[in-house]
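Colleague: Which chain is which? The protein sequence lines are A and B, in order.
Using my numbering, read the first sequence as starting at 2 and increasing by one per residue.
Using my numbering, read the second sequence as starting at 846 and increasing by one per residue.
Keep in mind that a hint or two might mislead.
What the hints assert, rightly or not - Which chain B residues face chain A? A few, computed with CB under 10 Å, are given here:
| # | residue |
| --- | --- |
| 1 | 855 |
| 2 | 865 |
| 3 | 866 |
| 4 | 867 |
| 5 | 868 |
| 6 | 869 |
| 7 | 870 |
| 8 | 871 |
| 9 | 1024 |
| 10 | 1128 |
| 11 | 1132 |
| 12 | 1137 |
| 13 | 1138 |
| 14 | 1142 |
| 15 | 1156 |
What the hints assert, rightly or not - Listed next, the stretches of chain A that the computed footprint assigns to chain B, with coverage defined by at least 3 CB atoms under 8 Å from CB atoms of chain B:
| # | stretch |
| --- | --- |
| 16 | 66-77 |
| 17 | 106-112 |
| 18 | 130-142 |
| 19 | 152-159 |
Claimed, not checked - Chain B residues, not near chain A, derived (Cβ > 10 Å throughout):
| # | residue |
| --- | --- |
| 20 | 913 |
| 21 | 1056 |
| 22 | 1109 |
| 23 | 1214 |
| 24 | 1233 |
| 25 | 1237 |
Calculated from the structure, these hints are not laboratory results.
The beta carbon of each residue, even a glycine, is placed where N, CA and C say it ideally should be.
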Amino acid sequence: MSRIAERFASLRKSARKALIPYITAGDPSPQMTVPLLHALVEAGADIIELGVPFSDPMADGPVIQRSGERALKHGVGLKDVLGMGREFRTRDGATPLVLMGYANPIEAMGTRVFLDRARSAGVDGVIVVDYPPEECTEFAALAKEAGIDPIFLLAPTSTEKRIDEVARCGSGYLYYVSLRGVTGAAHLDLSEVSKKIPQIRAATRLPIGVGFGIRDAESARRVAETADAVVIGSRLIQEIEAGAPADAVARVKSFLRPIRKALDS
Amino acid sequence: MRMYDLPDERGHFGPYGGVFVAETLSQALEELRAAYAVARNDPQFEAEFRYELKHYVGRPSPIYHAKRLSERCGGAQIYIKREDLNHTGAHKINNTIGQALLARRMGKPRVIAETGAGMHGVATATVAARYGMQCVVYMGSEDVKRQAQNVYRMKLLGASVVPVESGSRTLKDALNEAMRDWVTNVERTFYIIGTVAGPHPYPMMVRDFQAVIGEECLVQMQEQAARQPDAVIACVGGGSNAMGIFYPYLKSATRLVGVEAAGEGLASGKHAASLCAGRPGVLHGNRTYLLQDANGQITETHSISAGLDYPGVGPEHAWLKDSGRAEYVAVTDEEALAAFHELCRHEGIIPALESAHAVAQAMKMARGMAKDAILLVNLSGRGDKDMHTVAERSGLKF
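Construct all of the structure, not just a fragment, from the sequences and the given hints.
Modeller: Here is the structure:
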């Protein structure tokens, strides 16, 4: 069983929901990433999504784009991100690590090379934002072969046919993007979420994570009423950029803890 | 006019093209594909489109035998397809009319666009005014500075122009921002992409709308020279004017030559020649040749002409390059400027700096050819927008 599947199985046993924070690798600086990853775990993260910076992050809003630009200023590339994953693994053998990014850096490295290196770095899953299922049948199969879960996005606009396709190609979990827009947009339509999730459940036994638009303990708690996992990205990055980089670890922890508490209550 | 059956159903030209977008956009593209598939085979849509091209754009645009320029080169006869004489001064309007008609059919009251030099933005603002649609144009803040007059033109036409401050603040960043707008407002918004790039069906759709250029050439060359040209030459940024003139010639024996921007020279790294100096990757919804670094980050480009300043290129050009049906070369800023002045002084035509790249290539080729050889250049736009750039290069200021 993969680390991700194990984690969801043990959460289910204790009737808890997964908290999945997202940060961009290399933001605010490459040295900060591994300490931040450990801090996320200490504050209650069950799985971590680590963003791979890309020059043209089409699906991201201004907050995540800014974090990517800060990382790119430090020259952080996919190779460095894999190095950070490897370093994280030396102290944490249990928390699943998912890389999230765009296709081009992966293709530039070479798909097979990337998957090999990711596996040996201890990466458990990968979300390639601009790889819809119909463009990456081969990639998804290779990833599964390498023991890495290919994780796909679903949107409010996804049709039944798309949900089936994604359910067939994906593993680990499905990532439901809870609003029409880019990451970090302001509004979250909870009624839309609770309407769509049963529809997705009908097509798959994979756990369902919900992200895009979750900003605080209350919205996280309400999303967790129907979802298996709650993803928090932009709001967390705002904490990172809100003050001195040296205190980012403390800020991230105190932001995440109440959300963990709300999910467990 | 269908010359071959590419792209396939999912928008692939061999290994290129496709639909590489986030799930949030998939449904919007599906809707667009379905709507265009119907419109493409609807004689009424075709009739509407042709009517607008004739009465609003002023088509057909003439082909002109540039005798004095040909004489100066001392070789092949150079003919010029005058897309600069279209309403709004470039080929861009052919496509914006087609897409605006489609938007109207789909019941979308709002259109958005990205623009580099501003020509596509102006062409979009124009059709939005023509059809009574709300219009928002995204433009890199660097380009806003370089093309202040076009910004003002768009505003006069009733569009809002949003300067984009992210990334390199040029065309690619404007495209990212327009995509974001589309994802957010997809229900009432139609995204009018200005070139043969982006996710399927855009590369095919824009090519189809621009193919009127080459279709007219087939008839006009026969009338004027009693034969087709030995080569057709067009500049390539995203590649819409080139695709428009190439497409009807694909099955002929005519050489097809695409001219990229070599900027300060391919060796300098300061250029925008993705086919000549890039390698395949995924950007803006399709797989194509890209200018990128070893980490797969898209690199900043340079060209004297904002319209060629793009790190990717339409996927059909990538396919035509690999298959050998078209050849791609690059022309520097200096060469383009020299050709710009030649055409001004000896033919009384002020070309867009983009188009001047194609003229420069034609002059190079003509010199080595027989006097009865024929070259056809697509003069994709007029140069009024470039007065500041050219004057500054000559050390003048207005």
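Colleague: Run the structure past the numbered hints and jot down the numbers of the failing ones, going up.
Modeller: Nothing - there is no hint that the structure violates, so all of them hold.
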